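> The listed protein sequences derive, respectively, from chains X and L.
Numbering-wise (the working numbering), the first sequence opens with residue 1 and increments by one.
Numbering-wise (the working numbering), the second sequence opens with residue 1 and increments by one.
Be aware that a few hints might be false.
[Said to hold, decoys possible] Footprint (simulated), chain X over chain L, 3 or more residues, beta carbon under 8 Å: (1) 45 to 55; (2) 60 to 73; (3) 312 to 319; (4) 322 to 331.
[Claimed, not checked] What follows is a list of derived Cβ distance ranges for each label pair: (5) D266(X) to R295(L): 34 to 44 Å; (6) R29(L) to G62(X): 50 to 60 Å; (7) R63(L) to L230(X): 47 to 57 Å; (8) G272(X) to R63(L): 25 to 35 Å; (9) D331(X) to G30(L): 31 to 41 Å; (10) A293(X) to E309(L): 36 to 46 Å; (11) G272(X) to L230(L): 55 to 65 Å; (12) D308(L) to A293(X): 15 to 25 Å; (13) D300(L) to R269(X): 31 to 41 Å; (14) D300(L) to A23(X): 35 to 45 Å; (15) D300(L) to G304(X): 25 to 35 Å.
The set of hints was computed from the structure by calculation and includes no laboratory data.
For clarity, every value in this text was computed on a predicted model and none was experimentally measured.
Ideal Cβ placement from N, Cα and C applies to all residues, glycine included.
Protein chains: 2
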Amino acid sequence: VLDAEAEPPSGASRRWQQVDVPALVGQARGGSPRAVGRLVSLVEDAHPALREVMAALAPHTGRAAVLGLTGAPGVGKSTTTTALVGALRRDGRRVGVLAVDPTSPFSGGALLGDRVRMQEHATDPGVFIRSMATRGHLGGLARATPQAVRVLEAAGCDVVLVETVGVGQSEVEVAALADTTVVLLAPGMGDGIQAAKAGILEVGDVFVVNKADREGADATARDISQMLGLGAPRRPGDWRPPVVKTVAATGAGIDELAQAIARHQDWLRSTGQLEHRRARRAAGEVEALALAALRGRIGDLDGGGRLDELACEVVAGRLDPYAAADRLVADLGG
Amino acid sequence: VLDAEAEPPSGASRRWQQVDVPALVGQARGGSPRAVGRLVSLVEDAHPALREVMAALAPHTGRAAVLGLTGAPGVGKSTTTTALVGALRRDGRRVGVLAVDPTSPFSGGALLGDRVRMQEHATDPGVFIRSMATRGHLGGLARATPQAVRVLEAAGCDVVLVETVGVGQSEVEVAALADTTVVLLAPGMGDGIQAAKAGILEVGDVFVVNKADREGADATARDISQMLGLGAPRRPGDWRPPVVKTVAATGAGIDELAQAIARHQDWLRSTGQLEHRRARRAAGEVEALALAALRGRIGDLDGGGRLDELACEVVAGRLDPYAAADRLVADLGG
Numbered sequence: 001v002l003d004a005e006a007e008p009p010s011g012a013s014r015r016w017q018q019v020d021v022p023a024l025v026g027q028a029r030g031g032s033p034r035a036v037g038r039l040v041s042l043v044e045d046a047h048p049a050l051r052e053v054m055a056a057l058a059p060h061t062g063r064a065a066v067l068g069l070t071g072a073p074g075v076g077k078s079t080t081t082t083a084l085v086g087a088l089r090r091d092g093r094r095v096g097v098l099a100v101d102p103t104s105p106f107s108g109g110a111l112l113g114d115r116v117r118m119q120e121h122a123t124d125p126g127v128f129i130r131s132m133a134t135r136g137h138l139g140g141l142a143r144a145t146p147q148a149v150r151v152l153e154a155a156g157c158d159v160v161l162v163e164t165v166g167v168g169q170s171e172v173e174v175a176a177l178a179d180t181t182v183v184l185l186a187p188g189m190g191d192g193i194q195a196a197k198a199g200i201l202e203v204g205d206v207f208v209v210n211k212a213d214r215e216g217a218d219a220t221a222r223d224i225s226q227m228l229g230l231g232a233p234r235r236p237g238d239w240r241p242p243v244v245k246t247v248a249a250t251g252a253g254i255d256e257l258a259q260a261i262a263r264h265q266d267w268l269r270s271t272g273q274l275e276h277r278r279a280r281r282a283a284g285e286v287e288a289l290a291l292a293a294l295r296g297r298i299g300d301l302d303g304g305g306r307l308d309e310l311a312c313e314v315v316a317g318r319l320d321p322y323a324a325a326d327r328l329v330a331d332l333g334g
Numbered sequence: 001v002l003d004a005e006a007e008p009p010s011g012a013s014r015r016w017q018q019v020d021v022p023a024l025v026g027q028a029r030g031g032s033p034r035a036v037g038r039l040v041s042l043v044e045d046a047h048p049a050l051r052e053v054m055a056a057l058a059p060h061t062g063r064a065a066v067l068g069l070t071g072a073p074g075v076g077k078s079t080t081t082t083a084l085v086g087a088l089r090r091d092g093r094r095v096g097v098l099a100v101d102p103t104s105p106f107s108g109g110a111l112l113g114d115r116v117r118m119q120e121h122a123t124d125p126g127v128f129i130r131s132m133a134t135r136g137h138l139g140g141l142a143r144a145t146p147q148a149v150r151v152l153e154a155a156g157c158d159v160v161l162v163e164t165v166g167v168g169q170s171e172v173e174v175a176a177l178a179d180t181t182v183v184l185l186a187p188g189m190g191d192g193i194q195a196a197k198a199g200i201l202e203v204g205d206v207f208v209v210n211k212a213d214r215e216g217a218d219a220t221a222r223d224i225s226q227m228l229g230l231g232a233p234r235r236p237g238d239w240r241p242p243v244v245k246t247v248a249a250t251g252a253g254i255d256e257l258a259q260a261i262a263r264h265q266d267w268l269r270s271t272g273q274l275e276h277r278r279a280r281r282a283a284g285e286v287e288a289l290a291l292a293a294l295r296g297r298i299g300d301l302d303g304g305g306r307l308d309e310l311a312c313e314v315v316a317g318r319l320d321p322y323a324a325a326d327r328l329v330a331d332l333g334g
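Bound conformation, chain X alone (with noise of 0.2 Å):
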């Protein structure tokens, strides 16, 4: 297993290490933990080398099945996590956790409790676990995210499993990035439910009550549902959200969880979903590249001083915002 603590946070004040890129791609694919560690600080850095480590890594990815775990702190996501895991190393797939969640055990925030019980796949060659960094912005790792998946997956990873703090928006960027989004819930929870639901139902492909050993899981599971329902009607062969109720803790419903998730795969699959949503996800990440180096460019512009002398124009009220803009635009083309 790759801890994430046996790579040091690294500042970005750092000088940058030479790295062989084809080497380290190399061992990453013989399934080194270390070269998969420092491939995931590369990204996590924005490393130089970054843009060689994605060219080498482009034509081993694609192949992975990517599943998001969301929920609200308490809900039991890293217990979750842990099991699932075990269901899918029984099954013989290869799995990577990428936990970008400042609330996860994984990414160091919590109980050693917690991390202790990960440690059940400590000794596993088959699983790489690691945090993403929370020190960077979230914007940081809107970007790293998906290129730390393209390690795991160029690693060898069957299932890459990604888990997130389901607050504001990152139920929403979950489902950009995974092809199986599942949303966990507890009982008791009930207000959070109501609070969330717009954003959870539309992200969910399967839900989860967790902890449905405690009173109100019923409740909770059928409020779900009863939600799932009041939504836009669907057609023959849409899919239909399941509610699976487990015990994480105890593993009790974890394998009914797994066939929820392999039923979602198959679904997409079948239906072309798979390959629309990888598109639609690539176009996202391309898009944010470009824009991030056109943004890169505009500060090129006479180093900068373009964006000044127009922004000077636009203090003056010689130039509205917008046609400076265009200027800017024109220049960039030019």
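Given chain X's structure and the hints, the job is docking chain L onto it.
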């Protein structure tokens, strides 16, 4: 006074009405609250005439002092805004208020009592009050707020006061918009101060401890002063943010606040910082509009087909995302 409720919220799905931009801008410059309201609505809705509006407003902008007022819910932002508007009016200034704050009574979120309080300015033709719709996402507000400031400037406001709720990144946004940023705090919110201090200390030009008749006001003021003192050593001539104690509900301390703001404005002018801040703000606006235009062009490339094509190459592993982004950028330039 222009009340936010006078203009019904308008959905994006409505048909665009024809607009006689020169006439509307002329009426707004003549002080018509109705014309000002329509222009702000055009801004919020990103009406097709927006470019023409901005071009027509440009020669009449850049003269108003833009004040940002931010703070956590419950510190008394709306009461302070009301009292500050009174002080500015006694000084003969024309005042515009933009409430970009879902918790503000001006945006329709809160108690009728607070709304009534603002009514003291309701018959004053020298005051425009407008809530910015919170139905749009934050990105939309980031575009629309500076444009709405331009409308109020062109309508002859000497001061435009932008009220935002201080949560998350909005302090940073109001600071990017305003010449002078006023940060409001209240006694007994120590934890909030601690949590937010990093962001708050950097953006505040003037700090206010409102509800200063409550226990702990002196301690809160002392805490802020101390935290401000811990920052980077100041050079001679640097602005030292004052901490003003107010009881906005009774008007106590409001004249001192107005004076502190006026001193900051004098400092901005005498040091060239005013020009510098406004140029930086305009540069941000122009860059954002340029990037939006480029994003539009990406969508236009072959009806978005070029991006889809590149995305398919990425999914197939024949291109990496960076190489695809390079091709997209090259296509835009050609």
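> Now look at each hint and say whether the structure bears it out.
Hint by hint, here is what the structure shows:
1. Residues of the segment 45 to 55 of chain L lying with their CB closer than 8 Å to a CB of chain X number 4, which satisfies the three-residue condition for coverage.
2. Look at the segment 60 to 73 of chain L against chain X: 3 of its residues bring a Cβ nearer than 8 Å to a Cβ of that chain, three or more, so the hint holds.
3. For the segment 312 to 319 of chain L, the proposed coverage by chain X is satisfied: 7 residues have a C-beta within less than 8 Å of a C-beta in that chain, meeting the threshold of three.
4. Evaluation of the coverage hint for the segment 322 to 331 of chain L: fulfilled, as 7 residues show C-beta separations to chain X shorter than 8 Å, against a requirement of three.
5. Here the CB-CB span from D266(X) to R295(L) is close to 36 Å, well matched to the stated 34 to 44 Å.
6. One distance hint, 50 to 60 Å for the beta-carbon pair R29(L) and G62(X), holds here, with the actual separation near 58 Å.
7. For R63(L) and L230(X), the Cβ-Cβ distance of about 53 Å falls inside the hinted range of 47 to 57 Å, so the restraint holds.
8. A hinted range of 25 to 35 Å for the beta carbons of G272(X) and R63(L) is inconsistent with their spacing of about 58 Å.
9. Look at D331(X) against G30(L): about 38 Å separates their beta carbons, and that is inside 31 to 41 Å.
10. In this structure, A293(X) and E309(L) break the distance hint of 36 to 46 Å, their C-beta atoms being roughly 18 Å apart.
11. For the pair G272(X) and L230(L), the beta carbons lie near 59 Å from each other, so the given range of 55 to 65 Å is met.
12. Between D308(L) and A293(X) the CB atoms are about 19 Å apart, so this pair conforms to the stated range of 15 to 25 Å.
13. Distance hint check: the CB atoms of D300(L) and R269(X) are about 33 Å apart, consistent with the given range 31 to 41 Å.
14. Between D300(L) and A23(X) the Cβ separation comes to about 42 Å, which falls inside the hinted range of 35 to 45 Å.
15. The beta-carbon spacing between D300(L) and G304(X), approximately 27 Å, falls within the hinted interval of 25 to 35 Å.
Hint compliance for this structure: hints 8, 10 are not met, and every other hint is.
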